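Asks: Letter by letter, the chains look like this.
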Amino acid sequence: EAQVTQNPRYLITVTGKKLTVTCSQNMNHEYMSWYRQDPGLGLRQIYYSMNVEVTDKGDVPEGYKVSRKEKRNFPLILESPSPNQTSLYFCASSSTSGRVETQYFGPGTRLLVL
Amino acid sequence: AQSVTQLGSHVSVSEGALVLLRCNYSSSVPPYLFWYVQYPNQGLQLLLKYTSAATLVKGINGFEAEFKKSETSFHLTKPSAHMSDAAEYFCAVSPYNQGGKLIFGQGTELSVKP
Numbered sequence: 001e002a003q004v005t006q007n008p009r010y011l012i013t014v015t016g017k018k019l020t021v022t023c024s025q026n027m028n029h030e031y032m033s034w035y036r037q038d039p040g041l042g043l044r045q046i047y048y049s050m051n052v053e054v055t056d057k058g059d060v061p062e063g064y065k066v067s068r069k070e071k072r073n074f075p076l077i078l079e080s081p082s083p084n085q086t087s088l089y090f091c092a093s094s095s096t097s098g099r100v101e102t103q104y105f106g107p108g109t110r111l112l113v114l
Numbered sequence: 115a116q117s118v119t120q121l122g123s124h125v126s127v128s129e130g131a132l133v134l135l136r137c138n139y140s141s142s143v144p145p146y147l148f149w150y151v152q153y154p155n156q157g158l159q160l161l162l163k164y165t166s167a168a169t170l171v172k173g174i175n176g177f178e179a180e181f182k183k184s185e186t187s188f189h190l191t192k193p194s195a196h197m198s199d200a201a202e203y204f205c206a207v208s209p210y211n212q213g214g215k216l217i218f219g220q221g222t223e224l225s226v227k228p
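Same order as they appear, the protein sequences are chains Z and S. For the first sequence, our numbering begins at 1 and goes up steadily by one. For the second sequence, our numbering begins at 115 and goes up steadily by one.
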């Protein structure tokens, strides 16, 4: 089954404790992206990757890191989480010929930073 | 900068009534345009997309949208609402010259009354 998986689905942590949210897709997609969803703000793009070893900032990259060492995986790293990073996070992937085509979304990771 | 505006954060209709969710984008060059739906506690699912082919786009679940360049709009419609259509709807744009960026509107929550 074609899918995007994220782990963990729920996470409670404390300020400053490094964490990683994993994202994996099994569709051989070149493009992957991370978003955060906050009430009244819709989804905002954090980082995206057009292919292996190619990443770029979205609209809200501060406080986040990503890496793309393999085509299927695109982890999101919070080196020193803060309460304003409490949010619902989505990973997505798509095939692309240079423009974003249909994106397939993971189920989301709900993060609470105390 | 590119932007997407969804008019109305909350829309309520009666079952069987017309659904109209509004989306306007800012761009001098027509971008790719998308509508996604998010059911409670789930990820996003593509409803339909415009990628510079036909201006009237048909999607899943009876939804359709019309691209109007002169109005920079991409409104989503459905002739007859069902209770199962209650969800949050997001309009998104992939700008012409910005590779992997995807910009979302703030979202419109649709309620359907019996």
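Just so you know, these hints were derived from the structure itself, not from any lab. As the structure is a computational prediction, the values presented were derived from the model and not from experiment. Built from N, CA and C at the ideal position, the CB exists for glycine as well. Treat the hints with care, as some may be off.
[What the hints assert, rightly or not] Cut-off 25 Å, straight-line C-alpha distance, at most; resulting in silico cross-link-like pairs (DSS-like, lysine-lysine):
id : chain 1 : residue 1 : chain 2 : residue 2
1  : Z       : K65       : S       : K215
2  : Z       : K65       : Z       : K18
3  : Z       : K65       : Z       : K17
4  : Z       : K57       : Z       : K69
5  : Z       : K17       : Z       : K69
6  : Z       : K71       : S       : K172
7  : S       : K172      : Z       : K57
8  : S       : K227      : S       : K182
9  : Z       : K17       : Z       : K57
10 : S       : K215      : S       : K227
11 : S       : K215      : S       : K172
12 : Z       : K69       : S       : K215
[Unchecked claim] Label pairs and their in silico Cβ distance ranges:
id : chain 1 : residue 1 : chain 2 : residue 2 : range
13 : S       : H196      : Z       : T5        : 28 to 34 Å
14 : Z       : S67       : S       : K227      : 44 to 50 Å
15 : Z       : E70       : S       : H196      : 39 to 45 Å
Asks: Given the hinted pair K57 of chain Z and K69 of chain Z, is their Cα-Cα distance within 25 Å?
Replies: Given that 25 Å is the threshold and the Cα spacing comes to 17 Å, the pair holds.
Asks: Just tell me: holds or violated, for the beta carbon distance of S67 of chain Z and K227 of chain S against 44 to 50 Å?
Replies: For K227 of chain S against S67 of chain Z, whose Cβ atoms are near 47 Å apart, the range 44 to 50 Å holds.
Asks: Just tell me: holds or violated, for the beta carbon distance of E70 of chain Z and H196 of chain S against 39 to 45 Å?
Replies: 42 Å, holds
Asks: Taking only the CA atoms, is the gap from K65 of chain Z to K18 of chain Z under or equal to 25 Å?
Replies: Answer holds: K65 of chain Z to K18 of chain Z is near 11 Å, not above 25 Å.
Asks: Given the range 28 to 34 Å, decide if the beta-carbon distance of H196 of chain S to T5 of chain Z lies inside it.
Replies: Holds: the Cβ-Cβ distance is about 30 Å, inside 28 to 34 Å.
Asks: Within 25 Å, alpha carbon to alpha carbon, are K215 of chain S and K227 of chain S?
Replies: Answer violated: K215 of chain S to K227 of chain S is near 36 Å, above 25 Å.
Asks: Within a Cα-Cα threshold of 25 Å, do K71 of chain Z and K172 of chain S meet the stated pairing?
Replies: Violated, because 32 Å separates the two Cα atoms, which is more than 25 Å.
Asks: When you check the alpha-carbon spacing of K69 of chain Z and K215 of chain S, does it fall within 25 Å?
Replies: 20 Å, holds
Asks: Is the straight-line distance between the alpha-carbon of K65 of chain Z and that of K17 of chain Z 25 Å or less?
Replies: 14 Å, holds
Asks: Check the hint pairing K17 of chain Z with K69 of chain Z against an upper bound of 25 Å on the C-alpha distance.
Replies: 24 Å, holds
Asks: Within 25 Å, alpha carbon to alpha carbon, are K172 of chain S and K57 of chain Z?
Replies: 32 Å, violated
Asks: Sort out whether K215 of chain S lies within 25 Å of K65 of chain Z, counting only the CA atoms.
Replies: The given pair, whose Cα atoms are some 17 Å apart, holds under the 25 Å limit.
Figure legend: structure checked against the earlier numbered hints; hints not met, in rising order: 6, 7, 8 and 10.
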